[in-house]
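Between the sequences and the hints, there should be enough to build the whole structure, so can you do that?
Residue strings, one per chain:
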Amino acid sequence: MKIKLDWTPLASEGKRLQRSLQIVTAIVVLGLLAGTQQPARAGDLEKEDLKFGFIKLTDMAPLAIAYEKRYFEDEGLYVTLEAQANWKVLLDRVIDGELDGAHMLAGQPLGATIGFGTKADIITAFSMDLNGNGITVSNDVWEQMKAHVPYKDGKPVHPIKADYLKPVVDKYKKEGKPFKMGMVFPVSTHNYELRYWLAAGGIHPGYYAPAKGDITGQINADALLSVTPPPQMPSTLEAGTIYGYCVGEPWNQQAVFKGIGVPVITDYEIWKDNPEKVFGVSQEWADKYPNTHKAVLKALIRAAMWLDSGGLENRKEAARIMSRPEYVGADYEVIANSMTGTFEYEKGDTRSVPDFNVFFRYNATYPYYSDAVWYLSQMRRWGQIADYKPDSWYMDMAKQVYRPDLYAEAAKELIAEGKAQAGDFPDFASESGFRPPQSEFIDGITYDGTKPNAYLAQFPIGLKGKDKVN
Amino acid sequence: MQDYQEAFRAFVLPLIAFALFLGLWSFSAARIETSLGQLPGPVAVWDQAANLVTEHREERHKEAAFYQRQEQRNRQKLAEDPAADVHIRPYTGKPTFLDQIVTSLLTVFTGFMLATVIAVPLGVLTGLSRNVYRSINPIVQIFKPVSPLAWLPIVTIIVSAVYVTDDPLFSKSYLTSAITVTLCCLWPTLINTAVGVSSMDRDLANVGKVLRLSWFTTVWKIALPSAIPMIFTGLRLSLSIGWMVLIAAEMLAQNPGLGKFVWDEFQNGSSNSLGRIMVAVFTIGIIGFLLDRGMLMLQRRVSWDKEAILR
Numbered sequence: 074m075k076i077k078l079d080w081t082p083l084a085s086e087g088k089r090l091q092r093s094l095q096i097v098t099a100i101v102v103l104g105l106l107a108g109t110q111q112p113a114r115a116g117d118l119e120k121e122d123l124k125f126g127f128i129k130l131t132d133m134a135p136l137a138i139a140y141e142k143r144y145f146e147d148e149g150l151y152v153t154l155e156a157q158a159n160w161k162v163l164l165d166r167v168i169d170g171e172l173d174g175a176h177m178l179a180g181q182p183l184g185a186t187i188g189f190g191t192k193a194d195i196i197t198a199f200s201m202d203l204n205g206n207g208i209t210v211s212n213d214v215w216e217q218m219k220a221h222v223p224y225k226d227g228k229p230v231h232p233i234k235a236d237y238l239k240p241v242v243d244k245y246k247k248e249g250k251p252f253k254m255g256m257v258f259p260v261s262t263h264n265y266e267l268r269y270w271l272a273a274g275g276i277h278p279g280y281y282a283p284a285k286g287d288i289t290g291q292i293n294a295d296a297l298l299s300v301t302p303p304p305q306m307p308s309t310l311e312a313g314t315i316y317g318y319c320v321g322e323p324w325n326q327q328a329v330f331k332g333i334g335v336p337v338i339t340d341y342e343i344w345k346d347n348p349e350k351v352f353g354v355s356q357e358w359a360d361k362y363p364n365t366h367k368a369v370l371k372a373l374i375r376a377a378m379w380l381d382s383g384g385l386e387n388r389k390e391a392a393r394i395m396s397r398p399e400y401v402g403a404d405y406e407v408i409a410n411s412m413t414g415t416f417e418y419e420k421g422d423t424r425s426v427p428d429f430n431v432f433f434r435y436n437a438t439y440p441y442y443s444d445a446v447w448y449l450s451q452m453r454r455w456g457q458i459a460d461y462k463p464d465s466w467y468m469d470m471a472k473q474v475y476r477p478d479l480y481a482e483a484a485k486e487l488i489a490e491g492k493a494q495a496g497d498f499p500d501f502a503s504e505s506g507f508r509p510p511q512s513e514f515i516d517g518i519t520y521d522g523t524k525p526n527a528y529l530a531q532f533p534i535g536l537k538g539k540d541k542v543n
Numbered sequence: 007m008q009d010y011q012e013a014f015r016a017f018v019l020p021l022i023a024f025a026l027f028l029g030l031w032s033f034s035a036a037r038i039e040t041s042l043g044q045l046p047g048p049v050a051v052w053d054q055a056a057n058l059v060t061e062h063r064e065e066r067h068k069e070a071a072f073y074q075r076q077e078q079r080n081r082q083k084l085a086e087d088p089a090a091d092v093h094i095r096p097y098t099g100k101p102t103f104l105d106q107i108v109t110s111l112l113t114v115f116t117g118f119m120l121a122t123v124i125a126v127p128l129g130v131l132t133g134l135s136r137n138v139y140r141s142i143n144p145i146v147q148i149f150k151p152v153s154p155l156a157w158l159p160i161v162t163i164i165v166s167a168v169y170v171t172d173d174p175l176f177s178k179s180y181l182t183s184a185i186t187v188t189l190c191c192l193w194p195t196l197i198n199t200a201v202g203v204s205s206m207d208r209d210l211a212n213v214g215k216v217l218r219l220s221w222f223t224t225v226w227k228i229a230l231p232s233a234i235p236m237i238f239t240g241l242r243l244s245l246s247i248g249w250m251v252l253i254a255a256e257m258l259a260q261n262p263g264l265g266k267f268v269w270d271e272f273q274n275g276s277s278n279s280l281g282r283i284m285v286a287v288f289t290i291g292i293i294g295f296l297l298d299r300g301m302l303m304l305q306r307r308v309s310w311d312k313e314a315i316l317r
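Heads up: the protein sequence lines correspond to chains A and B, in order.
With this note's numbering, letter number 304 in the first sequence gets 377, and the count goes up by one each step, no holes.
With this note's numbering, letter number 269 in the second sequence gets 275, and the count goes up by one each step, no holes.
Among the hints, erroneous ones may be present.
Said to hold, decoys possible - A few chain B residues that don't get close to chain A, going by computed Cβ distances all over 12 Å:
| id | residue |
| --- | --- |
| 1 | L26 |
| 2 | A35 |
| 3 | A211 |
| 4 | F272 |
| 5 | L296 |
To be verified - Restraint-style ranges between C-beta atoms, simulated for each label pair:
| id | chain 1 | residue 1 | chain 2 | residue 2 | range |
| --- | --- | --- | --- | --- | --- |
| 6 | A | N543 | B | I160 | 35 to 43 Å |
| 7 | B | S41 | A | D243 | 25 to 33 Å |
| 8 | B | M119 | A | R424 | 54 to 62 Å |
| 9 | A | G496 | B | P88 | 39 to 47 Å |
For the record, the hints were derived by calculation from the structure and aren't laboratory data.
For every residue, glycine included, the Cβ atom is placed at its ideal position computed from N, Cα and C.
What follows is the structure, encoded as structure tokens:
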């Protein structure tokens, strides 16, 4: 191996040094000049290049539509949408700033702010949709449930209550087999809806004891609930690791299409028009970039309006967009079902559920305090909030995390620009942020958002008052 | 006549084996029904490969349109306010399959270069000095068998904590994947370099002593050249391990390369997913093969012993 040793004479060494110094000086001067830019005017976007995360579920639609229909670009925003591996990674990346914002479970901003899981101040000013989940059980479990389900005209009577699952769970318990079910995240809407449904049927879904370090949520449980990321639910069910799950679409329809399981109920039937996903950002980010946040909200509101207008054509187009591999990726037929208002329960038993996904109607996008309080109440019910909290605590938390004031600002700008009408939104001047008491729950119990402790006292299963998990 | 027979065998036998493999695959795929549809055979996989190339072209069109719109918007902004701050920003759409291949290659090279820069000098030192060998050998033996999937959470947390800048040049997932590749692929190079240097021919070492060469010249002119074959064996092993590790690391760190492609397709669960994953598998294999051949050619160039048979 020949190595040439090049000895440059000192003179040209000096020239090289001089040249490098010139370049360095030039860079420093340019840098200083670049630093002294004009200050941004009020109303200017502070940050234009944004990255949002999402999970592969059909209700990320407002984000996909805002991108594909160029609503983000209209506001001067350059957004990259990136699918995340699971809810934990998504939340962590919003907290550490890698993502500017994300498609989040309605409970995530609340859970993070109260410190269940990673503690961070997350807020939301936009509710992405209502409804959209389903509970699916394995073919085996369905066969056993059928014996208890009432039939009419050869078809099961809906809603299918967990009362019909109870004998099956009891049988498994007697045989010593733990009855395992899956949900997507400890503070997910799916977890609370699954627990609500199970408890309404007399099946205990388990308590959390975070003070003692037990966050599995399986204390005293008849059914053992554990976390699986949404796209992996069907394969986990097929593998027999779980006997049922609660997840958003298209993973329930995927199960019935591929012959793996049977969806038994949608969350529309558990709680009519329940809040599902929100668009979450960190408090720090929102404080630093208020104009950018408002622009994002405007684009998302327009996307939500588009999704709920134009009849089925817009929904079909949305389904086609979402079947692309960079968005949800499942087959068009699987996604189109729920997006166009039909839902297939047992194979061949397709029923019309026009409000399966609601993106804008019924003030779906307004972040109501009463929605936040419901999630907090369920966190208390199952022990994620270990101690008794007075009603005022719930109100304060809700007001810190849910920001209808930011939503109102964005909506008013859209109205001023003529892109929306005042009638599309609630009356901002008189809106208290609390929905009137809701009673369309599967167990008939009425929910009044202003009185969470009184609400909790009505449940036979669940912590209430000063109860603690022992 | 001998030559022709030899060439014939070298060329035709692999072809026959490949044809048999395709036939076997096609036959068994048609018999397996999964929940994602029938297992794709060679034809389905070929179709998917063509799809991926088409998607790449479409994405490039969209990119051109995006830049056009951006420039238009910028012109408008400047027309309204000549002092406005405008810049061209990169395309916000998704990386295509071909983009992901490039990302994977860049990441594996970064990891591999880092590993080489650490392992070769350390290996030389270890080979030359018995004491250095004694001290670092236990550490090497303990860390060598650790799987990349075990390193990944630690690397992720460290990168998140240490790499905090307002304007990042590299994405965290890129760094995490590259560093994980480094951690897993530096061991073969290190060990092989050490062995190569320490098994330097005694005669050559004596020549160095007779000529009273300085330590540095001994290393540079005698030890390293004689150890080149072993070093390159180590490098080739490292590169192939690094390539395998990269795919796993990318899946978990979500670096936008081939690993993420496979993971995303699995998550999608569409009817095309299995076919696309198989395209990725073949791509990974072919690239790994090409990387190995590349290293082999490099080794031939650098090696002083042109007579040595290198496979």
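Practice task
Taking the numbered hints from earlier one at a time, note which ones the structure violates and give those numbers from smallest to largest.
Solution key: 4
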